[in-house]
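> In the order they appear, the protein sequences are chains A and B.
Sequential numbering from 1 applies to the first sequence in our numbering.
Sequential numbering from 1001 applies to the second sequence in our numbering.
It is worth saying that the hints were derived from the structure and are not from the lab.
Be a bit skeptical, because a hint or two may be false.
Claimed, not checked - No farther apart than 25 Å at their CA atoms in a straight line, the calculated lysine-lysine pairs in the DSS-like style are these:
1. B:K1042 <-> A:K82
2. A:K23 <-> B:K1118
3. B:K1087 <-> A:K55
4. B:K1066 <-> A:K46
5. B:K1042 <-> A:K55
6. A:K64 <-> B:K1044
7. A:K82 <-> B:K1305
8. B:K1353 <-> B:K1255
9. B:K1305 <-> A:K8
10. B:K1305 <-> B:K1255
11. B:K1255 <-> A:K55
12. A:K40 <-> A:K64
13. A:K40 <-> B:K1044
14. B:K1462 <-> A:K46
15. B:K1044 <-> A:K82
16. A:K40 <-> B:K1042
17. A:K4 <-> B:K1042
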Amino acid sequence: MAVKYVLKLYVTGETPRSQTVLKNLKEILDEDYKGVYSLKVIDVIKQPQLAEDDKILATPTLIKILPPPVARIIGDLSDREKVLLGLDFVAIR
Amino acid sequence: MKKLTKKADQDKKYLQALKESEARFRSIVLWSPDAIIVTDAKGKIEYMNPAAEVVFNRKMESFIGKDFGLPLVNGESTEIDIFRPGKDPGVGDMYVVEAQWLGENTHLITIRDITMRKQIEEKIKQAQEALFIINNKLEERNRQNSLLSEMRELLQSCSTVQEVPAIVISYAAKLFPGTDGALFLLSDSKSDLQSMARWGYFPEDVDSNIFAPDACWGLRQGRVYAVEDMKTGPICPHLKKSSSTTYICLPLIGKGEIIGLLHLGTKRPVQEDDKQANIFELKEIAVMFAEYFSLSIANIKLSEKLTSQSVRDPLTRLYNRRYMDEIIQHEILRAARQQTGIGVVMIDIDHFKQINDTYGHEAGDEFLTRLADFFRLQIRRSDFIFRYGGEEFVLVLPESSVEDTYKYAESLRKEIKNMKINFRDQQLPSITLSFGISAYPDLGLDTIELIRIADKALYKAKEAGRDRVVIGAQDTAVDITERKHAKEELQGSLNSLSKEFNTIVQVLISSIEMKDPYTASHQRWSANIACAIATEMGLPQDKIDGLRMAGSMHDIGKLSIPAEILSKPTKLTEIEFSLIKEHSRSGYEMLKDVESPWPLAQIVYQHHERMNGSGYPRNLKGDEILMESRILAVADIVEAMASYRPYRAALGIEAALEEIEKNKGVFYDDAVADACLRLFREKGYQLKYDGETNPVEKT
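Chain A with its partners taken away, still in its complex shape (with noise of 0.2 Å):
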């Protein structure tokens, strides 16, 4: 099956949070849409660059390139209702 969800998720060093945003994160995704994402994680502490030219501001911060629109949502990514909401997965009532 072909990748339909392209991702990047934002996050700061190796800290605790950023492990339980990672964790949590796939444990959404693989719930429903294993094998037709892709994920790449960005540690703005390793490539501050890449965080500038995306303008991030806070992490965690994903953002959902493919399908468009672009979507990006910020903060606590526990919520798995939330998540896939704010990424546009689901229809917006």
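Given the coordinates of chain A, assemble chain B onto it according to the supplied hints.
Here is chain B on its own, set in the frame of chain A:
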């Protein structure tokens, strides 16, 4: 016209109020230290306050219209990381609320920079963790110290080495958890170490449990030897079979010497940072453990030694049963030689159990102690009293006949009734004793027999109603015959011995005569006088015979003194005199290995001793001097003074008797002196010389 102006004025006022209101609210936003961001419903930035520039460390113009991101919370706080190039990332507390702005949905986002606070919180957390660890370590150390104290107390109450291993194992398991270990003791021969306690998975094979001291580096160096990784070693040769990865070997030192080894091994590597202390942290505890253990082993060994050497009963301080066997053996040999008898009395307290039950064990102990004191006071110097059992005592009376013993026991039996014992302000009932008598040689020839017969007699005394003395009876007729035979045999061999002996004696006496005829006749005369005194004192014939024998050779030591000194007419120099004094010792040396029924060597050795200790060569006093020697001493003086000497004329018998009288009780035994005086003055004993070699007695 007026209506328009009013409306215009109203409008103006309204506008003014609005401006003022706006200014007020604007200043709140402008001056807020927290970043305030307003985004549209999708997260596009519409406004950022000046604080945002500080918080995010960049100019904010380029961000207007850009995507901040859709916050997923509403009306809540959430923590985020602040990305600010040029500075370290910060931590922010982001509060989001949805609001209506000019008819549209917006997000009102406030971000407070809490980086500093976070850092402080982190420091506090680290400090708390460190404290927690230290606290745990302290608690653990306390626990270990308590265990060590417990162990030390338990070890102190051990009385044998056998009780130690179990204690050591249980405390080792608690003090050194997770270790395999063993305690070794150095054998008495000091040639090897043997394990006396093992815990954990310490191997059981022989090589691991018995080995020579130089198989351990710790013992060779005399201090703790530790190996962190047994793969890199070097490991002690005695640990070939060990499955540990880390270990320490700790020598045990007691009284400055190596007495054993403590070995602790573990499979856990040193780096593991878990709650259990690693093996090197256990070293301190191990050192204290080893010290306590060494101390208690040394103490136990000492007290074991003391107990085995003990000859006294702890409560009464009387000699104990073990010592009694030795003493009686010794006395039997002496009595056999001197042909005297020994009385053996077994004594038992009547109704002692009742006293214990009625007044308690402490009262019983008081009884025993007082009774022991009583015995000690009553008996003669040459007698012995032993504690034989719980309430039994044995009295041994050397040089006593059955009759003597009986009389003595009777007097004790009566005397004890006068003893009053008080215990805790209560007067205890007076006690009575039962006595069973046996005697050497008439009622027993060895310790076992003597005790058995005395015991039987005691039993009879109890049966017959207590508070009495019963003399033992010989065993069955068969025994008597056997004993008679034994006695006859003994007598036979003594007789043949004495024939040989007499020959030897004659030879010795002749040699004296040849050297110095004066000494020869002096000896003969002294012997006669001594026997006469002994007869007057009522001594047994056997002793008189011994006295004659001893007397006739008492100056045999003079054989080794140059004749010139012996017959020197003038006063002797000090050196010459000390040579003369040596003759007692020389005589003893000559006679001590001669087999005879009498203590000839001792009699000769002691014949110049004086009752008050002023004699020679050993300054013996009073009771220390044999009776025969005391008699011989007097006879010797009398003869010497009464007869002719090369260096002076005869002083005469009267002068001799005066000397005896003057120093009676001082130099000479009272009874002996009295008998001598009686002999010459009342009984008309005379010395008459017929020529120089044939004295004639006249009584």
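> State for each hint whether it applies.
To see whether the hints hold, each was checked on the structure:
{"no.": "1", "hint": "B:K1042 <-> A:K82", "result": "holds, 14 Å"}
{"no.": "2", "hint": "A:K23 <-> B:K1118", "result": "holds, 23 Å"}
{"no.": "3", "hint": "B:K1087 <-> A:K55", "result": "holds, 16 Å"}
{"no.": "4", "hint": "B:K1066 <-> A:K46", "result": "holds, 23 Å"}
{"no.": "5", "hint": "B:K1042 <-> A:K55", "result": "holds, 16 Å"}
{"no.": "6", "hint": "A:K64 <-> B:K1044", "result": "holds, 15 Å"}
{"no.": "7", "hint": "A:K82 <-> B:K1305", "result": "violated, 87 Å"}
{"no.": "8", "hint": "B:K1353 <-> B:K1255", "result": "violated, 46 Å"}
{"no.": "9", "hint": "B:K1305 <-> A:K8", "result": "violated, 86 Å"}
{"no.": "10", "hint": "B:K1305 <-> B:K1255", "result": "holds, 16 Å"}
{"no.": "11", "hint": "B:K1255 <-> A:K55", "result": "violated, 80 Å"}
{"no.": "12", "hint": "A:K40 <-> A:K64", "result": "holds, 10 Å"}
{"no.": "13", "hint": "A:K40 <-> B:K1044", "result": "holds, 23 Å"}
{"no.": "14", "hint": "B:K1462 <-> A:K46", "result": "violated, 109 Å"}
{"no.": "15", "hint": "B:K1044 <-> A:K82", "result": "holds, 18 Å"}
{"no.": "16", "hint": "A:K40 <-> B:K1042", "result": "holds, 23 Å"}
{"no.": "17", "hint": "A:K4 <-> B:K1042", "result": "holds, 22 Å"}
Figure legend: structure checked against the earlier numbered hints; hints not met, in rising order: 7, 8, 9, 11 and 14.
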